[in-house]
Amino acid sequence: GEDVEQSLFLSVREGDSSVINCTYTDSSSTYLYWYKQEPGAGLQLLTYIFSNMDMKQDQRLTVLLNKKDKHLSLRIADTQTGDSAIYFCAESTLFNAGNNRKLIWGLGTSLAVNP
Amino acid sequence: ETGVTQTPRHLVMGMTNKKSLKCEQHLGHNAMYWYKQSAKKPLELMFVYNFKEQTENNSVPSRFSPECPNSSHLFLHLHTLQPEDSALYLCASSQDFQAGEAFFGQGTRLTVV
Numbered sequence: 001g002e003d004v005e006q007s008l009f010l011s012v013r014e015g016d017s018s019v020i021n022c023t024y025t026d027s028s029s030t031y032l033y034w035y036k037q038e039p040g041a042g043l044q045l046l047t048y049i050f051s052n053m054d055m056k057q058d059q060r061l062t063v064l065l066n067k068k069d070k071h072l073s074l075r076i077a078d079t080q081t082g083d084s085a086i087y088f089c090a091e092s093t094l095f096n097a098g099n100n101r102k103l104i105w106g107l108g109t110s111l112a113v114n115p
Numbered sequence: 001e002t003g004v005t006q007t008p009r010h011l012v013m014g015m016t017n018k019k020s021l022k023c024e025q026h027l028g029h030n031a032m033y034w035y036k037q038s039a040k041k042p043l044e045l046m047f048v049y050n051f052k053e054q055t056e057n058n059s060v061p062s063r064f065s066p067e068c069p070n071s072s073h074l075f076l077h078l079h080t081l082q083p084e085d086s087a088l089y090l091c092a093s094s095q096d097f098q099a100g101e102a103f104f105g106q107g108t109r110l111t112v113v
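From first to last, the protein sequence lines are chains A and P.
My numbering puts the first sequence at residues 1 to 115.
My numbering puts the second sequence at residues 1 to 113.
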């Protein structure tokens with residue numbers, strides 16, 4: 001079945017770059033997403049990438065997609081303490097018949113930024 | 001402000017109680033979702049409503065009963081829950097049922113005692 005895997009924890013120093021990795025299994029995924037969840041809050045869409053792209057950059061965020069290896073990464077440049085949160089990787093995959101899609105979620109990577 | 005509001009934020013209920021969770025969105029979205037978030041488990045999609053019609057029920061026990069009276073409101077009625085139902089219940093909405101760019105509420109932290 002479909003599966004999305006992420007490492008559970010990452011710790012970095014303030015000012016360093018953070019790289020959060022994700023692997024997925026469904027080769028029919030069209031979109032892959034990164035969501036952020038701060039303590040006590042819901043999930044917030046950070047960025048997404050279409051499957052025909054290799055890279056997408058948005059200010060401090062860089063998303064890299066290796067479709068051959070089904071590997072997705074999120075790089076946060078100049079990581080700040082406010083970036084401390086759980087980061088979820090998700091893939092959009094087909095379900096049932098027709099064109100219905102649903103999100104398959106990873107467990108989330110807890111990013112700790114140390115001063 | 002995410003545009004999706006959930007109430008209450010916290011709820012403690014006994015196993016014989018009946019309670020309801022409420023979700024409201026004013027984003028003009030057509031699809032709304034209930035998710036369950038438990039520790040050390042992936043997000044579980046429970047129910048999907050598209051244009052007020054339920055399109056998915058992921059084998060959720062009948063003690064959870066959703067209701068979508070209009071495209072802006074979504075309820076989750078709870079009845080005779082079990083302690084293992086304790087979790088964060090998240091509501092989300094999206095423009096259409098295409099999955100992906102969903103906007104989430106802050107969730108209701110439910111504790112069943």
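Some hints here could point you the wrong way.
Pairs of lysine to aspartate or glutamate, DMTMM-like flavour, derived with a Cα cap of 25 angstroms [unchecked claim]:
| no. | chain 1 | residue 1 | chain 2 | residue 2 |
| --- | --- | --- | --- | --- |
| 1 | P | LYS41 | A | ASP58 |
| 2 | P | LYS41 | A | GLU5 |
| 3 | P | LYS40 | A | ASP3 |
| 4 | P | LYS36 | A | ASP26 |
| 5 | P | LYS40 | A | ASP54 |
| 6 | A | LYS67 | P | ASP85 |
| 7 | A | LYS70 | A | ASP26 |
| 8 | P | LYS41 | A | ASP26 |
| 9 | A | LYS36 | P | GLU53 |
| 10 | P | LYS40 | P | GLU67 |
| 11 | A | LYS68 | P | ASP85 |
| 12 | P | LYS40 | P | ASP96 |
| 13 | P | LYS22 | A | GLU38 |
| 14 | A | LYS67 | P | GLU53 |
| 15 | A | LYS68 | A | ASP83 |
| 16 | P | LYS36 | A | GLU38 |
| 17 | P | LYS52 | P | GLU84 |
| 18 | A | LYS56 | P | GLU101 |
| 19 | P | LYS36 | A | ASP83 |
Part of the chain P face toward chain A, derived, beta carbon under 8 angstroms [stated by the list, open to error]:
| no. | residue |
| --- | --- |
| 20 | LEU43 |
| 21 | MET46 |
| 22 | CYS68 |
| 23 | ASP85 |
None of these hints come from the bench; they were simulated from the model.
Ideal placement from N, C-alpha and C gives every residue a C-beta, glycine not left out.
Now for the hints, and whether the structure bears them out:
no.: 1; hint: LYS41(P) x ASP58(A); result: violated, 29 angstroms
no.: 2; hint: LYS41(P) x GLU5(A); result: holds, 11 angstroms
no.: 3; hint: LYS40(P) x ASP3(A); result: holds, 15 angstroms
no.: 4; hint: LYS36(P) x ASP26(A); result: holds, 23 angstroms
no.: 5; hint: LYS40(P) x ASP54(A); result: violated, 30 angstroms
no.: 6; hint: LYS67(A) x ASP85(P); result: violated, 37 angstroms
no.: 7; hint: LYS70(A) x ASP26(A); result: holds, 8 angstroms
no.: 8; hint: LYS41(P) x ASP26(A); result: holds, 19 angstroms
no.: 9; hint: LYS36(A) x GLU53(P); result: violated, 29 angstroms
no.: 10; hint: LYS40(P) x GLU67(P); result: violated, 28 angstroms
no.: 11; hint: LYS68(A) x ASP85(P); result: violated, 39 angstroms
no.: 12; hint: LYS40(P) x ASP96(P); result: violated, 29 angstroms
no.: 13; hint: LYS22(P) x GLU38(A); result: holds, 21 angstroms
no.: 14; hint: LYS67(A) x GLU53(P); result: violated, 35 angstroms
no.: 15; hint: LYS68(A) x ASP83(A); result: violated, 30 angstroms
no.: 16; hint: LYS36(P) x GLU38(A); result: holds, 17 angstroms
no.: 17; hint: LYS52(P) x GLU84(P); result: violated, 29 angstroms
no.: 18; hint: LYS56(A) x GLU101(P); result: holds, 16 angstroms
no.: 19; hint: LYS36(P) x ASP83(A); result: holds, 24 angstroms
no.: 20; hint: LEU43; result: holds, 4 angstroms
no.: 21; hint: MET46; result: violated, 12 angstroms
no.: 22; hint: CYS68; result: violated, 18 angstroms
no.: 23; hint: ASP85; result: violated, 19 angstroms
In this structure, the hints that do not hold are numbers 1, 5, 6, 9, 10, 11, 12, 14, 15, 17, 21, 22 and 23, in rising order.
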